[in-house]
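Number of protein chains: 2
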Amino acid sequence: MLNFTFKNQTEILFGKGQLSEVSLRLPAKAKVLFLYGGGSIKKNGIYDKVNTALEGADVIEFQGVEPNPEFETLMKAVQVARENDVNFILAVGGGSVIDGAKFIAAAVNFEGDPWDILIKGAAFENPLPVGAVLTLPATGSESNGNSVVNRKETSQKRAFSSETVQPVFAVLDPEFTYSLPPRQVSNGVVDAFVHVIEQYLTYPVNAPLQDRFAEGILQTLVQEGPKALATPEDYDVRANVMWSATMALNGLIGKGVPQDWGTHMIGHELTALHGLDHAVTLAIVLPSLMFVQRDKKQEKILQLGERVFGIKEDDKDKAIDLTIKAVQDFFESMQIKTRLSDYDIEKSAIDGLVENLERNGLTALGEHGDIDLVKAREILTLAA
Amino acid sequence: MLNFTFKNQTEILFGKGQLSEVSLRLPAKAKVLFLYGGGSIKKNGIYDKVNTALEGADVIEFQGVEPNPEFETLMKAVQVARENDVNFILAVGGGSVIDGAKFIAAAVNFEGDPWDILIKGAAFENPLPVGAVLTLPATGSESNGNSVVNRKETSQKRAFSSETVQPVFAVLDPEFTYSLPPRQVSNGVVDAFVHVIEQYLTYPVNAPLQDRFAEGILQTLVQEGPKALATPEDYDVRANVMWSATMALNGLIGKGVPQDWGTHMIGHELTALHGLDHAVTLAIVLPSLMFVQRDKKQEKILQLGERVFGIKEDDKDKAIDLTIKAVQDFFESMQIKTRLSDYDIEKSAIDGLVENLERNGLTALGEHGDIDLVKAREILTLAA
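Keeping their order, the protein sequence lines are chains A and B. For what it's worth, my numbering labels the leading residue of the first sequence as 488, then goes sequentially. For what it's worth, my numbering labels the leading residue of the second sequence as 488, then goes sequentially.
No lab work stands behind these hints, which were simulated from the structure alone. As the structure is a computational prediction, the values presented were derived from the model and not from experiment. Treat the hints with care, since some could be wrong.
Given that identical chains are not distinguished, each listed pair holds provided it fits within a single copy or across any two copies.
Claimed, not checked - Below, a list of computed lysine-lysine pairs in the DSS-like style, where the Cα atoms sit at most 27 Å apart: (1) Lys742 <-> Lys494; (2) Lys783 <-> Lys862; (3) Lys536 <-> Lys639; (4) Lys536 <-> Lys742; (5) Lys799 <-> Lys824; (6) Lys494 <-> Lys536; (7) Lys536 <-> Lys563.
Modelling step: build the complete structure from the supplied sequences, incorporating the hints.
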């Protein structure tokens, strides 16, 4: 096992009705920036419930954080927060809104150009506290310090991470996910699945507990994910998916083990250049990355196949093929197609993707740093 | 899944050499109460390492916290802390020392008789911060707010729990466990195993992820526990046991599911009246409790048997018997005997144990509150 430090400060408020706990956790004389996305919360009633829960606090709304949150949009929210002397940000939505809230929290009291936080890792002081009401289980953003921000004008997707902007609380009410469109349910399950894979499917370091935890999340997602599509208002199914997605990226399962994240890095370019949903990019890249890295990942791929997908096959090469197929089948069972051609992206687009990786300095990806531009091209070509 | 709130504020510093991180985490002008047990840390070098790590801080030592920490002893430490205006407690040892540190932390600024904290749940203010350097993985005390204190003069063992005395950091260096006597290794593994069982072996509430996590810890302990006895200086084995014991009782796996704790409650009386090691009492009580509660716990006992011990048996009654036997065999493989008679406790002692349960108001134990004094007697009689 590798050395590690671990702490997770987010208070999870899990279950029906937990939104009512929020008011007890706001600062004195709360001036809350109520941040949300495209407005679906107005249709499904969550908007009204949040306003009820915030009764008594001074609330300023900011609507319109988009999927893959845009730097320009977030800077407008920073302006609103500054003008109104906001002292708390309540993010109501999925990973994009919560990621956006973290960036706003860091940017409000930042004196230079806040883009530097993302591009140069610039230090920031006195971030605002953030709370989260999760409506889309997927990214784990509700209980980690990670934030990914998109900038269309430069086709860049950049991340920063800081414990200081991690939500102080996160409301996880499974009922808030009942009205999600199937596409978002699919994306969330696949996103969480690949988060686990990035922290698990590397090489063994004799860390059996981390392996069991990772496998436990994968097994739960494989079992519950399709049910979430089939029976959207099954409370327990929604609860199990929600808790799995949070545990997938709250920092725990990746402690003491190597991590990969190559699938995410290559996938980010597909979002930046072609606008694909984040989870879709993962479903496209992962199977091909597994194929290309099959020797280096051999032991863990075999373990994944056996323990998560119940594959019993003595021939290692066949077992690896079956496992990659099982992963692909799982994505397809979640209604997400796994080839570039399924999204009308031609082979000729691969050049641009590889160039973007190079431009962003992403030339040594994966747990061994051996996914260079040649291998990245190989992976993308396999996924064509 | 049941509703829950969860937060764990302890920063885990895991691995070789992590003790050096401690000095960065002490308060300014630190006046540290360095609390430890019987002095084994002087023989194995940890004492010197801690002093090196604390260089520059003002350190007051208190030696002599015993297993099942005594109220009288802890009150002496409270006196020392008060006289020296201590502002931080560093507990170096196993669960008893850390439990003791929490009680001292709560008692130092308590104005009445601190026994009231244990016996009446009296509120306390301004507890001292506690840090932990773990030398015996077992109780999980290093990252939870629980404290159990013994009082010989009244044959009472009482607990309190508060996030405010939970360690702010915990150093988990597997090398610090190399020199543990085999008896303590055995106790630690069995203790952690039963902690998981108390949060798992109840009835299903459709919480598959919690089940998988619990099973993952049990599987790891079953696999690594005997190795820790056989090859004491295998770093990874020690690391896996240590991380399992922490995860067993840091609050995570019991969230959203029913909990039992009947084995602990009955076991506590065996320690209070007969001085048995805590883990020994659990190994004695659990198999008999499983037998007596076999109908109510049927589904989870079958799941435990199949998933953790690999039992494949269609006849449910036989499968339950085999699973209870497997648990007993595991304890015996850890060199812990599972009958009262193995410790020269006669059947005639059962009356006194049951009376003590009654005196402490422990007359409705278990996840259904149905382990009354009649059932407790049945369990103890089966364990004779």
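Hints versus structure:
1. For a Cα distance limit of 27 Å, the shortest separation of Lys742 from Lys494 qualifies both inside one copy, at 10 Å, and across copies, at 18 Å.
2. Proximity of Lys783 and Lys862 under a CA criterion of 27 Å is satisfied intra-copy only: 13 Å inside one chain copy versus 56 Å between copies.
3. In this homomeric assembly, Lys536 and Lys639 never come within 27 Å of each other (Cα to Cα): the closest approach is 33 Å inside a single copy and 53 Å across copies.
4. Taking CA atoms no more than 27 Å apart as the test, Lys536 paired with Lys742 passes between copies only; the shortest distance there is 25 Å, against 37 Å inside one copy.
5. Taking identical chains as interchangeable, the C-alpha atoms of Lys799 and Lys824 lie at most 27 Å apart only when both belong to the same chain, with a minimum of 26 Å there against 38 Å between chains.
6. Taking the shortest alpha-carbon separations for Lys494 and Lys536, only the inter-copy value of 24 Å comes in at or below 27 Å, while the best intra-copy value is 31 Å.
7. Proximity of Lys536 and Lys563 under a CA criterion of 27 Å is satisfied intra-copy only: 25 Å inside one chain copy versus 53 Å between copies.
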